[in-house]
Amino acid sequence: MNNKVLVIGGGPAGLTAAQALVSNGEEVVLVEREDTLGGMARELACKGISECRNCGVCYVIDLAAEILRTPGVEVLLRSEVASVDKTNDGFKVKIRSSPRYVTGSCIGCDKCTEACPVEGKAIFAPTGSGHPRAYWIDRDRCLHFKKAKCEKCAEVCPTNAINYDDRAKNVTRNVSRVILATGMDPIDAGEIPRLGYGTIPNVVSSVDAERALNEKGRLVRPSDGVPPKKIAIIQCVGSRNEKAGVQYCSKFCCKYGTKIGQLMIDENPDTDLDFYFMDLRTLYEPQDEFKKWADSIKRKVEKKKFPRVRLIRSMPSQAFPGDDGKVWLRSSGETDSEVTETPYDLVVLSVGMRPRTLPEGLARSLGLTTDGCGFARCEDSELRSKVAVLGAVCEPMDIEETVTRAIAVGSVTVRKEGAT
Amino acid sequence: MKRSIQVVICRICSGAANVLDTDKLLRVASEAPYVGSAIAVDYACNTKTIAQIVEEAKDKEIDRLLVVPCSKNEVSPALFQSYKRKAKINEFLMEAVDLVSEVVLPHRDEPSKAQAKAEAKLLAAIARMAMLEPLQKGSEEMRTKNVVIIGAGVAGVEAAKRAAEAGLHTILIEKSDKEVKAPGVVMPRSRLISAKGHAGNYELTIEAGEKMEALECGAVIVASGGDWSEAKGPLVRACPEAKPLYKLAQELSSGNIPKGGVVIVDTPDPKADTTPAQDFAWEEALQCAIEIKKRESGTDVCLMFQEMRALGLAELSYKEAAELGVRFVRYDKKRPPKIDSKDKNRIVVIDSAQEQAIAIAFECLYYASIAPNPDNMAIAEALRIPMNDSGGVRRGSMQKGPIATPRPGIFVCGSAQFPRSEEMSRLEGRAAGALAAQFVSTGTVEFGGSVAEVTPEKCSACLTCVRTCPYEAPFIGVAGKAEIRLQLCQGCGMCVGICPSKAIELHNYTDDQLSAEVASYIGGDF
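Going down the list, the sequences are from chains A and B.
Counting along the first sequence from 1, when you hit position 180 you're at 181 in the numbering used here, and nothing is skipped either side.
Counting along the second sequence from 1, when you hit position 313 you're at 409 in the numbering used here, and nothing is skipped either side.
Looking at chain A on its own, in the form it has when it is part of the complex (with noise of 0.2 angstroms):
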């Protein structure tokens, strides 16, 4: 009998789930679309550096990592399903598999980007902390495939890992079951004009706080590269929000974003920390955990009484760029009307989440529905029992309930005939 899964999606959901498939006793062949494995969690940062704040991050990487050497996994990268039919016993599916020109013995050693003579270069290292680390070429700048013939980068290689000759792949795979974990997109933070994102340099989202977190470790001010020393961070930027289009609370904001905030904290013990939000949501945690945290803050400054971080339920209305960078917010108070404005040295708009959309053929193959917020759903009669949505594709959920889901759901997709 044909045993293998599909898996759409190397993200938490997907590489979860490939694991709980495997581990029983099914194939998977895992279809993602960027060049390494990890999703979503591969630009996130771990925001435990004095304890373990259960971000659940490093849990995805270290399995990324892990499934690439999982045998009975068959990973495709920088692939995307073509097309699936049904068969008599499941689906018959097209992948379709982009060139990466780097074979797997890249060590990641960065000579070839220095060599690259391209501006912006075309030979690159994948984003953020996913696995594979092999480099990937890209053949619209790289100037090998144009009249140059440049082979600057396979020069340098001391692996000789880069492949000029790879070429698109198409694959066909028969499979009885498909799980789409096609995860979500975060919310462009400048949907909102009002508070400056992409217009003033000293406000970012949470998405660059986090990459930048990740990749160099600390935040700083984009425009001068000091660390901040008062900061805010505003919740439900995008989320809760009908101008956007979204309706629905994302639900792993509070959570990430009282954890950046305490990260900021623990990494400069001088900052102040201003928390805009409208709601307290933090997922699985005793609502008032953040604002005991948030007080203890406050009584360590000696003599001084003014409060680190307060905690300000309120939307302000407005971002406007000041002197030296900083950044000012208009809001108003949560009782009063009276309207302040502060001025901040860096601003973090706490982004929510959109679902992926679906490539229209497949959502049809795979009788996917969406809801009036775009989630989708499997409402087929016929393949409810073939297909699983997975993921924050399905609704919108953080890391570990994405795990805790998928080791579910794959173990219940698995079942043999006869089980009950």
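If you're looking for bench data, these hints aren't it; they were derived computationally from the structure.
Small disclaimer: the values here were computed from a predicted structure and weren't measured.
Note that beta-carbon positions come from the ideal geometry of N, C-alpha and C, so glycine has one too.
Treat the hints loosely; a few may be bogus.
Stated by the list, open to error - Residues of chain A clear of chain B, computed beta-carbon distances all greater than 12 angstroms:
1) R34
2) E44
3) R168
4) K170
5) R241
6) K292
7) R331
8) S332
9) A409
Stated by the list, open to error - Capping the alpha-carbon separation at 20 angstroms, the derived lysine to any residue pairs in SDA-like fashion look like this:
10) B:K429 <-> A:E290
11) B:K496 <-> A:L312
12) A:K260 <-> B:D485
13) B:K430 <-> A:F125
14) B:K355 <-> B:C398
15) A:K327 <-> A:D271
16) A:K153 <-> A:F125
17) A:K292 <-> B:A418
18) A:K260 <-> B:V614
19) B:K367 <-> A:F125
20) B:K144 <-> A:R134
21) A:K292 <-> B:D485
22) B:K415 <-> A:K153
23) B:K430 <-> A:D289
24) B:K415 <-> A:M316
25) B:K144 <-> A:A155
26) B:K496 <-> A:S51
27) B:K429 <-> A:K153
28) A:K260 <-> A:S224
29) A:K112 <-> B:Y139
30) B:K144 <-> A:G109
31) B:K367 <-> A:D289
32) A:K244 <-> B:A418
33) A:K244 <-> B:K367
34) B:K367 <-> A:K112
Once you've looked at the hints, dock chain B against the given chain A.
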């Protein structure tokens, strides 16, 4: 014993070439005592280079390896593995010296100092490496394929089903005598008394009805759930008719609609002084409120809460409820709602959004939280797993995955940790069952290696180690001297540090080995 160290410096990955003089480093290393071979390679993670290193090790009869890689965490596993397999070198005689994060990065701008520090570090590592002993890991068969699940609630039953699917024997322990539909053995009116043993081979003592039973199992799943019995708290004391929210849901599903105003408050104990932090069943409360409003729009429904945690798609219900005219009142923990002393059917609260006192008349009062299970404490104590501040069982770091506790082979799912929805409990139960099955089906447990060992002649059986060890590894054996249970020892060294008779040593971190390292730094004799 022959001691011959091979020093491998990874020239390019380590980034050392830009700051450090690797040739000099190599010379220093090769002149150090016990160094049989010192080579610098370009990429220590390349297969060809690894083959070359291993070949050289075989030629020169090397028995231990010291690598200077990119960083301590990034030594290619392939290098250590082929070294272990092909050059037949004990895995405890291979170490990495992290010169990148300790020398190259912090001293990038002062190459001469960096060079001196790197040399000192390398020599110290060589001095210690020369003293190390080969160690062996032991392994033990799991004696049973049993999984014990504590609690036959939603999560526990799901966990049992999943574990049974994977071919495990499940034993469900349930404190009540309710009817349980689950595979395997179900033990009603029973509770966990104590646990001995270690991951893979736990020995539990269960009180089942009147008698005590001993049970062996490979893994334990804690699914004790929350406390569904009578709630305590000032609101329930003042209004004894107050009911938990699930009763409202039951009534609604059987078609009854409460007459008169309904107030749903997040917890009967807003100040959390008798019971620790609780959570609000947000989605259920909103669903109930919508249901009432839809069927009987004239009924006043009010939700009273400290924080409206309508997570995820529950936000849509929040909006719908607000549109249907459900009243939302947010209060502060410091100014909790009170039942009016004169009118038992009025609740008085200061609305934080308006900063004004309001009074709401009601006919039915519901509270939407469950307290942590009071049995959690006994369970956690028996299994020696930590608790969290809200009275639940604490899960381990997410690095080890979800559902796990800090102790291997013990999992926690459902509301035992923190109140969960029914759906989430079910999913967590399944996941716990799957993980326990994965754990038990390996069939063996590994232990030993760099662990503590007692020298019986020096031991005065003072019990200090027994009291200190967080893993309960030391015990006083039949000879009246301390012994270490290897399966439990994590090699943390706490007993070693605290033993007044210096009777305990941690393998590969013995006084001699550490002294050799320190002496290499500062000279002198220890």
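Results of checking the hints against the structure:
1. R34: 25 angstroms, holds
2. E44: 17 angstroms, holds
3. R168: Since the minimum Cβ distance to chain B is about 25 angstroms, R168 (chain A) lies beyond 12 angstroms and the statement holds.
4. K170: 24 angstroms, holds
5. R241: Non-interface label on R241 (chain A) violated, nearest chain B Cβ at 6 angstroms vs cutoff 12 angstroms.
6. K292: Given a closest Cβ separation of 9 angstroms, the condition is violated.
7. R331: 20 angstroms, holds
8. S332: 16 angstroms, holds
9. A409: Contrary to the label, A409 (chain A) does not stay out of reach of chain B, its closest Cβ about 4 angstroms off (not over 12 angstroms).
10. B:K429 <-> A:E290: Roughly 13 angstroms separates the two Cα atoms, so the pair holds.
11. B:K496 <-> A:L312: 32 angstroms, violated
12. A:K260 <-> B:D485: The hint holds at about 18 angstroms.
13. B:K430 <-> A:F125: Violated, because 55 angstroms separates the two Cα atoms, which is more than 20 angstroms.
14. B:K355 <-> B:C398: 14 angstroms, holds
15. A:K327 <-> A:D271: 17 angstroms, holds
16. A:K153 <-> A:F125: Holds, because 14 angstroms separates the two Cα atoms, which is no more than 20 angstroms.
17. A:K292 <-> B:A418: The given pair, whose Cα atoms are some 26 angstroms apart, is violated under the 20 angstroms limit.
18. A:K260 <-> B:V614: 39 angstroms, violated
19. B:K367 <-> A:F125: Answer violated: K367 (chain B) to F125 (chain A) is near 55 angstroms, above 20 angstroms.
20. B:K144 <-> A:R134: This hinted pair holds, its Cα atoms lying about 19 angstroms apart.
21. A:K292 <-> B:D485: 14 angstroms, holds
22. B:K415 <-> A:K153: 59 angstroms, violated
23. B:K430 <-> A:D289: 12 angstroms, holds
24. B:K415 <-> A:M316: 18 angstroms, holds
25. B:K144 <-> A:A155: The hint holds at about 18 angstroms.
26. B:K496 <-> A:S51: 18 angstroms, holds
27. B:K429 <-> A:K153: 66 angstroms, violated
28. A:K260 <-> A:S224: Not OK: K260 (chain A) and S224 (chain A) at ~24 angstroms, beyond 20 angstroms, violated.
29. A:K112 <-> B:Y139: Holds. K112 (chain A) to Y139 (chain B) sits at ~13 angstroms (cutoff 20 angstroms).
30. B:K144 <-> A:G109: Measuring from Cα to Cα gives roughly 16 angstroms; hence the hint holds.
31. B:K367 <-> A:D289: Distance ~11 angstroms between K367 (chain B) and D289 (chain A) Cα, so the pair holds.
32. A:K244 <-> B:A418: Holds - the C-alpha atoms of A418 (chain B) and K244 (chain A) are around 18 angstroms apart, at most 20 angstroms.
33. A:K244 <-> B:K367: 37 angstroms, violated
34. B:K367 <-> A:K112: Not satisfied, since the Cα-Cα distance of roughly 61 angstroms exceeds 20 angstroms.
Hints 5, 6, 9, 11, 13, 17, 18, 19, 22, 27, 28, 33, 34 from the list above are not met by this structure, while the remaining hints are.
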